[in-house]
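My request is simple: use the sequences and hints to build the entire structure.
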Amino acid sequence: MKRLSRPGEGEILLLTASRLLDGRIVWLGEGDHWHESIAEAVRFTYEEAGPALERALAEAEQKEVVAVYEVVARDTRPPEPVTTREAIRAHGPSVHPDFSYDHAPVREKEKVG
Amino acid sequence: MTQPASRSVGHYQYEERDRTFLQERINEFEGQVRRRLSGELSEEEFKPLRLMNGVYLQLHAYMLRVAIPYGVLDSRQLHRLADIAARYDRNYGHFTTRQNIQFNWIALKDVPTILRELAEVDMHAIQTSGNCIRNVTSDEFAGAAKDELMDPRIHAEIVRQWSTLHPEFTFLPRKFKIAISGSPEDRVAARFHDIGLLARPGENGPLFRLFVGGGLGRTPVVGQELFDSVKEEDLIATLEAVLRVYNAFGRRDNLYKARIKILVQTIGLEAFRKAVEEELARMDRAAYRLTSEHVAQIRARFALPDLKAPADAADVLEQHKKADPVFARWVASNTHPHQDEGHICAVISLKTPGAIPGDVTAEQMHGLADLSERHSFGEVRVTHLQNLVFGHVRKDQLHELWQGLKALGLAAPNVGLISDIVSCPGLDYCNLANARSLPLAQKLGARFGDADLQAEIGALSIHMSGCINACGHHHVGNIGLLGVDKRGAETYQILLGGDAGENAAIGGILGPSFAEDEAVDAVARIVEFYLGQRQKGETFAAMLKRCGLKAFKEVAYETV
Amino acid sequence: MKLFDLSGRKPLEAASPVPFAEWKETRQGTAISLAPDVEVEELRSHLGSLTLIVLEFPVFRDGRAFTQARSLREYEGYEGEIRASGHLLPDQAIHFRRCGFDSVVLPDGANVKDWEDQLGRYQFYYQNTAVSPV
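The listed protein sequences derive, respectively, from chains A, B and C. Residue numbers for the first sequence follow numbering that gives the first Met the number 0, beginning at 0 and rising by one. Residue numbers for the second sequence follow numbering that gives the first Met the number 0, beginning at 0 and rising by one. Residue numbers for the third sequence follow numbering that gives the first Met the number 0, beginning at 0 and rising by one.
Hints are computed from structural coordinates only; laboratory data are not their basis. Ideal Cβ placement from N, Cα and C applies to all residues, glycine included. Fair warning: there could be bad hints in the mix.
To be verified - Reference listing, derived: stretches of chain B covered by chain A, where coverage requires no fewer than 3 residues with Cβ under 8 Å from a Cβ of chain A:
id, stretch
1, 29 to 42
2, 53 to 63
3, 149 to 159
4, 437 to 443
Quick look at the structure:
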């Protein structure tokens, strides 16, 4: 397995994935549930993240998620990803403010189709 | 929804077996989704299968890429794409540099239903991705342009059918793109495809000049001429032979060296040609002969437009231009000469300065479909520069079309000008990107949005890619921009001197990359330098040749 | 090992294949297996004594064996059995048959119905091949 990213000073790790059925971005929260809002994500230290990622990968099929990996974020409330890529995943495409996830954090309730 | 035209112009008219085939293909995909959900297929196994049906897992959702063979749509198809955008996406469709359309917010569970809705209008997503032969692209002015030698769409359709679920070439080392043009003006970038075909009429039927091993991406290569004159009856046999050599000998150990261009470079053009000729010599030629009967059958399924225009159509257009300078400006940049005196090709810019290149809303799609029925026999073409074309517009009705386009917000007079920016979706949507490309394209579009300024600058292309895969074709823009990740920060390299056409050239990298706003300023300084130093009528490419890259480099980095 | 008959052309061979390099030394038996990087021309002088050629798929995405099979039929005129073995998917069943394969070694836990369904899926194909004309 590829080496885990190491968080810097004031940073933590989050686990993220894409939901198999609709491809939406999810974050690993309490009780190993996957949530659409980054605010629900559990914060891991570098030491905790390894075993948590292994468990999440092992359960990915059963939880119907794909592409599970760790993301470095600043330890703020809510956590803020360090890279532009992950910030875009957390907040939505920068070119469409109307598609922002921050306005509608609970997308599970949204009518699909 | 508007009733479908009885006979669509410009693309192959499906027959019953084509429709049955699509249904069978959808059933197959539906079964694959079911097996994925039941765990019978792993993600590793499912991924190539879904890709071969145009389904990607992107940054925010699944993306569905729908094929528009040789770039030709009819109005009922465009209406249907609009319905899909509204129902399953967030009301947008995105036209790509390969004449396809992408939807960015698709759920996997909806895909079989979407495919059925597409199949109702004879559309599909077959082979729009994956390591197989991709959607065949062609000239956006095919069958209309004054400079055309022959209509390439008949043979494009023949190649499309031949490549569809080809049993031997569905698990190639890497993707394989074919383009075909019938004009001496290479409008398909034939030298930047795995195979590029330039068709022309010969004494005994069509002849095809075949380029092989061109491409952009990580290793940009200008394709080389493999054969000067492939006969029509040998077209399929020759494609078979090239693909056989590639499938057997293309590298499979390294993703970045797996395209045919690397194979051709490694063994050399002569050795590659020899290998292809050996295949041709051993092949059961009867089985692969393209007969004139078959060509005639396919040709018969293309309807031709009934081009009737009043004798004074051209005069009426001149009067309209005189009366309305804003219209005249649009005509100057957004039209192309037609074979018929009374008609003209109209290019609809999807690059309104400041907007996202290639993006169209569902309402705009419906509006365009309606306009196409009134003004272009219900036919709409997609260009590899992410614009649309109405191929056969009556000159006396062009003004009316323009007013309709204005009402849709699609009358930007900038085709071929500096704000007609080609751009990939970049990091805002794409899983592979290193940097955003759309915000930079928007800023550049806005910076040069003024119509007078653009007209003064004249023809100048900007191409923008968010990563080295080069979906925005940055290597072939007069000015190319490439997004680069520099220790977590998005920065942009500038390339100058690319050309996709007859004088194919790959742009040279100017120097170290810029931050986003710096890149906009640097481009502005480059353009200013061009305006100040060019000689009368000198193109950007010509001046670059005269002054050298170094002079432009000094200007670009002046205040940084 | 469970075999699946793709072509119904003739009874499937029961012989155990020997890797081609080994077989060349001993010439024992009539069944060989072939890695995807071997050019089938190398077999030319041996084809008369072979009744089974097993083509290997290290991973289902590696499509070289499709060209090997078609070449054996179209170029070399080989009429014995051609079998696919390794990482295979039922989604490839038609491609196997149309390139000249007669059989596959079913992967462990394979669902035979998936293979059968796939073989009967399409009523026609768009392209001629020398092995299976339209």
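Taking the hints in turn, this is what the structure says about them:
no.: 1; hint: 29 to 42; result: holds (count 4)
no.: 2; hint: 53 to 63; result: holds (count 6)
no.: 3; hint: 149 to 159; result: violated (count 0)
no.: 4; hint: 437 to 443; result: holds (count 3)
Comparing the model with each earlier hint shows a violation of hint 3 alone; every other hint is respected.
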